[in-house]
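S.K.: Here is how the chains run, residue by residue.
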Amino acid sequence: MRGQLPILIVFVSGVFMAIQYFIPHDAGVFFYEYGGVFFYEYGLDCIIVIGVFAMLLGIWSLFRVQLDKVAKRSPGWGYSVVALGGLFFMMIGGPLWGIEEGTPFMQVFWYIYTPIQATMFSLLAFYIASAAYRAFRARTVLATILLLTAMVIMLRLIPLGAISGPNQKLATWILMVPSMAANRAILIGIGLGIVATCLKIILGIERAYMGHD
Amino acid sequence: MKVISFIRVLFFFLYFLLIASPLSFAQEDLSQSWFNPHRVNMLIFLIFFFAIIIYFIDRAKKGKSLFIRRIAGLDAIEEAVGRATEMGKPVLFIPGIEDIDQIQTVAAMIILGNVAKMVAAYDTPLFVPICRPMVVPVAEERVKEGYASAGRPDAYNRDNVRYISDEQFAYAAGVQGIMLRDRPAANLMFGSFFAESLMLAETGFLTGAIQVAGTANIHQLPFFVVACDYTIIGEELFASSAYLSKEPKLLGSLKGSDLTKAIIIGILALGAILETLGITQFTRWFFIE
Chain H
1 MRGQLPILIV
11 FVSGVFMAIQ
21 YFIPHDAGVF
31 FYEYGGVFFY
41 EYGLDCIIVI
51 GVFAMLLGIW
61 SLFRVQLDKV
71 AKRSPGWGYS
81 VVALGGLFFM
91 MIGGPLWGIE
101 EGTPFMQVFW
111 YIYTPIQATM
121 FSLLAFYIAS
131 AAYRAFRART
141 VLATILLLTA
151 MVIMLRLIPL
161 GAISGPNQKL
171 ATWILMVPSM
181 AANRAILIGI
191 GLGIVATCLK
201 IILGIERAYM
211 GHD
Chain R
1001 MKVISFIRVL
1011 FFFLYFLLIA
1021 SPLSFAQEDL
1031 SQSWFNPHRV
1041 NMLIFLIFFF
1051 AIIIYFIDRA
1061 KKGKSLFIRR
1071 IAGLDAIEEA
1081 VGRATEMGKP
1091 VLFIPGIEDI
1101 DQIQTVAAMI
1111 ILGNVAKMVA
1121 AYDTPLFVPI
1131 CRPMVVPVAE
1141 ERVKEGYASA
1151 GRPDAYNRDN
1161 VRYISDEQFA
1171 YAAGVQGIML
1181 RDRPAANLMF
1191 GSFFAESLML
1201 AETGFLTGAI
1211 QVAGTANIHQ
1221 LPFFVVACDY
1231 TIIGEELFAS
1241 SAYLSKEPKL
1251 LGSLKGSDLT
1261 KAIIIGILAL
1271 GAILETLGIT
1281 QFTRWFFIE
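Going down the list, the protein sequences come from chains H and R. Taking our numbering, the leading residue of the first sequence gets 1, the next gets one more, and so forth. Taking our numbering, the leading residue of the second sequence gets 1001, the next gets one more, and so forth.
Think of the hints as simulated: they come from the structure by calculation, not from any bench. Everything numeric in this text was worked out from a predicted model, so none of it was measured. Be aware that a few hints might be false.
To be verified - Calculated pairs, DSBU-like style, for lysine-lysine (alpha carbon to alpha carbon, straight line, at most 35 Å):
#1 K1061/R with K1246/R
#2 K1064/R with K1261/R
#3 K1246/R with K72/H
#4 K1144/R with K1246/R
#5 K1249/R with K1144/R
#6 K1144/R with K1089/R
#7 K1144/R with K169/H
#8 K72/H with K1089/R
#9 K1089/R with K1261/R
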């Protein structure tokens, strides 16, 4: 029963959602709306409840691993102290002082968390530079084609006088023809892969979402 | 027999919808119709697609051999795990940053189970940092089951499947920390990735780890192609369960979707030729309203 019930719920939900797409009838819409209330609202409520318990599991996992590192003085244990400190400060600071502007919770959010997040995102530029350097080294014919294509695409945004017009046309052609064709081929494959996986899940062939086969 | 019965029931139901429905195709007000005629092409495609998949599943179950092309990225997983074992270093598995309700995360969990089985057989530590708390219990179960099916349930370490953070860049920083401190010899990244993909892949490259990545997020694929040794592109991620498990039912579904793809390519080529010749009726059959 423990194994069969989730498969039954998934099967009924999946078939219901697939069929309702083809039924425009008022009764179908009515059924969909009320079914939708059940599936979406009650379903979402369930997800929130499960999410809270899952969050507790997650926090417990984080706490256990970091505490273990501190206790064993593992390499980089100081970072674990910072992680635990941050976790408890934000967990306690919110209920204790509130989350209005000017409270310690919001000050940590604005003056520590936000700049750190912005820094992380900014680092992406350096990662892109180093990755682009490796990708665009003209060591083979294909790498040279890639380099030239990238140059055309990047230079389309820069005013280059007389060659701007032809470069713009070439860049547009590259984006709209070969690049678009490759994108669409991948997208069709992804779409079919998703539908096939959904069918396997609905029919109970694929059960990994339950954590076991 | 069950499959054939299922197809019969399905067709009976569709017959009821299509034929027995009091529908007039000319009628624009569809509020009293049990079937939307504007979506008939979609329905036909779905029935066709499902029927092909069910046919191949049935065929595979009867023991007929099905040829599946090699996917270098998936073959490389064993090579990566083997390398980590030789070096005595851990394997890092990153299942993306989306929740378990996303199909890519489900696909990542399928691969995780197979990877867990491999690392258990080689007795190599496996780290699985998680971004979404709901993924934690599923990942724990997959890894535990992988160790159990390799006959090493005692080797499973619960602390190696660890929650990091819900926040994208906090998670990325946490995983980068693991890469730099624990120096895993193999980084396996499967699932849904966004801006953090290049951060993780580049850090992994700097540590010298062998990297295999796979995602269906098309905008992140170039980053993985540049920074990783092997990249599983789009649909190959969804083929992984069949490819790695070799289970007949899953192989059948993979074969079915491959055949459908071949038919779609044929339809696209035919449509391009007909459109070039000025015959537009054929392509109009594929419009969805």
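S.K.: Give me the numbers of the hints this structure contradicts, sorted from smallest to largest.
M.R.: Hints 3, 7 and 9 contradicted; others consistent.
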